[in-house]
Every structure is written in structure tokens, then in C-alpha cells.
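S.K.: Generate coordinates for the entire structure from the input sequences, incorporating the hints supplied.
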Amino acid sequence: AQTVTQSQPEMSVQEAETVTLSCTYDTSENNYYLFWYKQPPSRQMILVIRQEAYKQQNATENRFSVNFQKAAKSFSLKISDSQLGDTAMYFCAFMKPPGGGADGLTFGKGTHLIIQP
Amino acid sequence: DAGVTQSPTHLIKTRGQQVTLRCSPKSGHDTVSWYQQALGQGPQFIFQYYEEEERQRGNFPDRFSGHQFPNYSSELNVNALLLGDSALYLCASSYRDSEETQYFGPGTRLLVL
Numbered sequence: 113a114q115t116v117t118q119s120q121p122e123m124s125v126q127e128a129e130t131v132t133l134s135c136t137y138d139t140s141e142n143n144y145y146l147f148w149y150k151q152p153p154s155r156q157m158i159l160v161i162r163q164e165a166y167k168q169q170n171a172t173e174n175r176f177s178v179n180f181q182k183a184a185k186s187f188s189l190k191i192s193d194s195q196l197g198d199t200a201m202y203f204c205a206f207m208k209p210p211g212g213g214a215d216g217l218t219f220g221k222g223t224h225l226i227i228q229p
Numbered sequence: 151d152a153g154v155t156q157s158p159t160h161l162i163k164t165r166g167q168q169v170t171l172r173c174s175p176k177s178g179h180d181t182v183s184w185y186q187q188a189l190g191q192g193p194q195f196i197f198q199y200y201e202e203e204e205r206q207r208g209n210f211p212d213r214f215s216g217h218q219f220p221n222y223s224s225e226l227n228v229n230a231l232l233l234g235d236s237a238l239y240l241c242a243s244s245y246r247d248s249e250e251t252q253y254f255g256p257g258t259r260l261l262v263l
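First to last, the sequence lines map onto chains C and V. With this note's numbering applied, the first sequence corresponds to residues 113 to 229, in that order. With this note's numbering applied, the second sequence corresponds to residues 151 to 263, in that order.
No wet-lab data here; the hints were simulated from the structure. Owing to the predicted nature of the structure, the values given are computational and were not obtained by experimental measurement. Where hints are given, some of them may not hold.
[Claimed, not checked] In silico DMTMM-like cross-links for lysine to aspartate or glutamate, where the CA-CA straight-line distance does not exceed 25 Å: (1) C:Lys185 x V:Glu201; (2) C:Lys208 x V:Asp212; (3) C:Lys221 x V:Glu250; (4) C:Lys208 x V:Glu203.
M.R.: Structure representation (C-alpha cells):
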């Protein structure tokens with residue numbers, strides 16, 4: 113079974129700063145997907161960014177980028193120029209390839225990110 | 151373009167009762183997954199429905215069952231409710247050719263007294 117670990121329960125930074133959220137995972141699979149989801153107080157889980165394990169290039173979506181280290185099984189999220197609206201719970205998630213006995217997304221426990229004005 | 155919708159938003163039940171939660175997937179999506187999110191935890195996968203059949207299941211007891219309708223909407227049923235079933239229940243939809251990318255609804259908050 114896969115496990116996802118987020119070692120930072122809470123982080124707080126000033127607006128406009130850069131922040132990095134950590135995530136490690138454990139799997140015996142060679143091909144898989146990794147995700148960062150954002151869950152604001154409204155509870156809606158929003159997909160921030162995804163990474164396919166067979167792609168060496170790190171994914172980027174505007175101010176959000178990842179540092180994917182496959183050998184180290186590490187998948188960190190960097191948020192540049194942080195904004196007040198980035199305040200939320202951030203979840204790292206893992207999924208085996210569809211059709212390969214995938215059993216849904218496996219989530220970490222989350223990191224509560226607070227952006228201070 | 152309508153996103154994933156869920157009903158009801160909140161629900162209060164007592165131990166031993168049964169509950170049904172509903173989910174309508176995002177337009178164009180044919181696969182629905184259900185997750186349970188306990189307070190302070192990440193979501194846990196319950197099961198996934200595709201073509202009106204349960205395709206995958208997480209580590210949840212048989213008290214949790216589901217259904218998918220021809221229009222791809224889905225229901226989650228929980229029988230013999232326990233206090234520990236109190237949680238946020240999230241529905242996520244995806245398209246079979248890209249099922250790794252799941253879009254979530256706002257969830258149903260269930261409180262069992």
C-alpha cells in the first residue's frame with residue numbers, strides 16, 4: 113500500500129514571500145501520478161498541480177511549481193509571490209496508474225498554510 | 151460548465167440510522183469516486199463507480215454501498231451509522247480516459263449523534 117507523509121502540520125509566511133511545502137511518499141510502483149490539492153475553508157478540494165512520474169520535468173502552473181525527486185520519493189510544492197487567497201489546507205496525493213489496480217487517491221494529512229498580510 | 155455538485159450540504163443523523171448522499175459529476179465526466187474526510191485528516195478513498203458498477207473499493211466495510219445511474223450521477227449509502235462515520239463526504243468525478251485527474255464537489259458534512 114502507498115503512504116503519503118506531510119511533515120509540516122502548519123506553516124505561516126508573509127504575503128509576497130515564497131513558501132515550500134514538503135511531501136514524501138512510499139511506493140513500489142515505477143509509474144504513478146502525484147498531486148497537490150488545495151482545500152480552503154469553503155471545503156472544496158481544488159487541484160493545484162499534477163506530476164506524472166515518468167516525466168522528469170517538474171510541473172509548473174503559474175505561481176505554483178513542484179520539485180519532484182523520484183529516487184528520493186519527494187514531491188514538494190513551491191508557491192511564489194504568495195497571496196492572501198493561498199491560505200488553505202494543502203494536501204499531497206498519490207495515485208497508481210488507472211487500470212493498474214488503482215485504488216483512488218491516497219492523501220497525506222495536509223499542511224495548513226497561512227498567508228499573513 | 152457545471153462542476154461537481156453534492157446534496158445535501160449538511161446532515162444530522164442518529165446512531166443506527168441509514169443515510170443517502172448524492173453526487174452529480176462535472177459535465178462530460180463518467181466516473182465518480184467517493185471519499186471520507188474525518189476532521190483534521192486527509193480524505194480516504196471509499197469506492198469508485200464507472201458504467202454503473204463499483205470498479206474499485208478502499209478499506210471500508212460493507213455498510214458503505216453505492217450506486218451509479220445511467221446519467222452518471224451517484225449515491226453513497228451508509229447503513230447502521232456509527233459515531234465514527236461523522237465526517238465530510240467528498241465526491242469526485244473524472245473522465246475514463248483521464249481518470250487520474252479528479253474534480254471534487256463541495257462535500258456533504260455528516261454528523262452522527
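S.K.: Indicate, hint by hint, whether the structure satisfies it.
M.R.: Hint check results:
Only pairs whose Cα atoms come within 25 Å are accepted, and Lys185 of chain C paired with Glu201 of chain V is rejected, the gap being roughly 34 Å. Distance hint between Lys208 of chain C and Asp212 of chain V is fulfilled; the C-alpha atoms sit about 24 Å from each other, no more than 25 Å. This hinted pair checks out: Lys221 of chain C and Glu250 of chain V have alpha carbons roughly 20 Å apart, not beyond 25 Å. Of the pairs offered as hints, the one joining Lys208 of chain C and Glu203 of chain V holds, with about 20 Å between alpha carbons and a cut-off of 25 Å not exceeded.
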